[in-house]
Amino acid sequence: MTFINLAAIFPLTTLGHYIHWHFIEISVANLIVIVLMVITFIAALVFPFPGRRRRRDNR
Amino acid sequence: MSYSEIERQWTTRLRRRFVHLLPPEKLLPDTQPTYVSSWIYVFGVTTLSALMVVIASGCLLAIRGPQWWHTSSVGHFVNSLHLWSVEIFFFAMVVHLWGKYFMAAWRGGRAMTWMTGVVTFLVSIATAFTGYVSQSNFDSQWISTQAKDGINATGAGAYFNVLNMGQMLMWHIVLLPLVAVLLTALHVLLVRVKGVVPPFEEHVEVNA
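Which chain is which? The protein sequence lines are X and Z, in order. So the first sequence is residues 1 to 59, counted in my numbering. So the second sequence is residues 1 to 208, counted in my numbering.
Rather than coming from a laboratory, the hints here were simulated on the basis of the structure. Keep in mind that a hint or two might mislead.
Unchecked claim - So these bits of chain X aren't anywhere near chain Z, every CB distance computed over 12 Å:
hint	residue
1	HIS17
2	TYR18
3	ILE19
4	HIS20
5	GLU25
6	VAL28
Said to hold, decoys possible - Not the full set, but computed from the structure, chain Z residues with beta-carbon under 7 Å of chain X:
hint	residue
7	SER37
8	SER38
9	TRP39
10	ILE88
11	VAL94
12	LEU97
13	TYR101
As the list claims (entries may be wrong) - Ranges of calculated distance between the beta carbons of each label pair, as one might list FRET restraints:
hint	chain 1	residue 1	chain 2	residue 2	range
14	X	VAL33	Z	HIS20	42 to 48 Å
15	X	VAL28	Z	LEU83	34 to 40 Å
16	Z	GLN9	X	VAL33	51 to 57 Å
17	Z	ARG15	X	VAL28	25 to 31 Å
18	Z	ARG17	X	TYR18	52 to 58 Å
As the structure is a computational prediction, the values presented were derived from the model and not from experiment. For each residue, glycine too, the CB sits at the ideal point set by N, CA and C.
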């Protein structure tokens, strides 16, 4: 697959998609980034940090 | 030079004050408290790492200029590296902000640490916006006219004209990054002085 074909999967020269809900108007790209930030935030709280148990045992 | 003269020197007094405020073992500690071993504490240093890539790629773009980053393949790569490191910078900074907000990270005399973080966030937004304006293409012209309308509405349009591409480029590559980096350095030093904010104390009710 050439670079041009790969770029065609994500067309960057077309108009963006927007979501309208009452007075809220947000691009799909921005919404995806916000959702990813929320997922990352929750994952950071939920998933254990590597070596945490070992460090606690050594105390 | 006598001992008393050395004692009175401003360099001696300034050094002693700095070492008292931030001794080397506090500036570069060997260990961190146990509560720091959580993913939520990772995003501050992620922001810092992304900022380093932003500055390094920005320096490369400044050396070669717009013709290079718009026409050559290596220029496109460095341009993209600059954009995506900024994306990671803001992504990590927002998660860092959320984490610190819910920890109430201004506790324990850390108000100045919190405020330097807030101001750095605002300066970073201004730096990113002037970056959009100075990318020297049709998109930047559209963004700058939209921004001009917004700034005119605030009444500051006469003093800050975002349609002046040369001025915005200078703000983007010199003034705003300088302020952002200095504030970041101050923020990190304050974190070292006061230490990383501990979690809330667990409230245990004992029923008699």
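The hints, checked one at a time:
No Cβ of chain Z comes within 12 Å of the Cβ of HIS17 of chain X; the nearest lies about 17 Å off, and the non-interface call holds. With a cut of 12 Å on Cβ distances, TYR18 of chain X stays outside the contact zone with chain Z, its closest approach being about 16 Å. For ILE19 of chain X, the non-interface assignment is confirmed: its Cβ lies about 20 Å from the closest Cβ of chain Z, beyond the 12 Å cut-off. At roughly 19 Å, the least C-beta separation between HIS20 of chain X and chain Z is larger than 12 Å, which holds for a residue marked as non-interface.
At the 12 Å boundary, the C-beta of GLU25 of chain X stays outside the reach of chain Z, the nearest C-beta of that chain being 14 Å off. Non-interface call for VAL28 of chain X relative to chain Z: holds, since the shortest CB-CB distance, roughly 16 Å, exceeds 12 Å. The interface hint given for SER37 of chain Z holds, since its Cβ lies 4 Å from the closest Cβ of chain X, which is under the 7 Å cut-off. The closest approach between the C-beta of SER38 of chain Z and any C-beta of chain X is roughly 5 Å, which is under the 7 Å cut-off, so the hint is satisfied.
Because the beta carbon of TRP39 of chain Z sits about 4 Å from the nearest beta carbon in chain X, less than 7 Å, this interface hint is met. Given the 7 Å rule on beta carbons, the hint for ILE88 of chain Z is violated: about 11 Å separates it from the nearest Cβ of chain X. Interface restraint check for VAL94 of chain Z: the shortest CB-CB distance to chain X comes to about 6 Å, inside 7 Å, so the restraint holds. A distance limit of 7 Å between C-beta atoms decides the matter here; for LEU97 of chain Z the minimum to chain X is near 10 Å, and the interface restraint is violated.
Interface restraint check: TYR101 of chain Z against chain X, minimum CB-CB distance 11 Å, threshold 7 Å, status violated. Take VAL33 of chain X and HIS20 of chain Z: their Cβ atoms lie about 44 Å apart, and the range 42 to 48 Å holds. The hinted range of 34 to 40 Å is not satisfied by VAL28 of chain X and LEU83 of chain Z, whose Cβ atoms lie roughly 19 Å apart. At about 53 Å, the CB distance of GLN9 of chain Z to VAL33 of chain X agrees with the hint of 51 to 57 Å.
Between ARG15 of chain Z and VAL28 of chain X the beta carbons are some 55 Å apart, a value that contradicts the proposed interval 25 to 31 Å. In this structure the supplied range 52 to 58 Å holds for ARG17 of chain Z paired with TYR18 of chain X, their Cβ-Cβ distance being about 55 Å.
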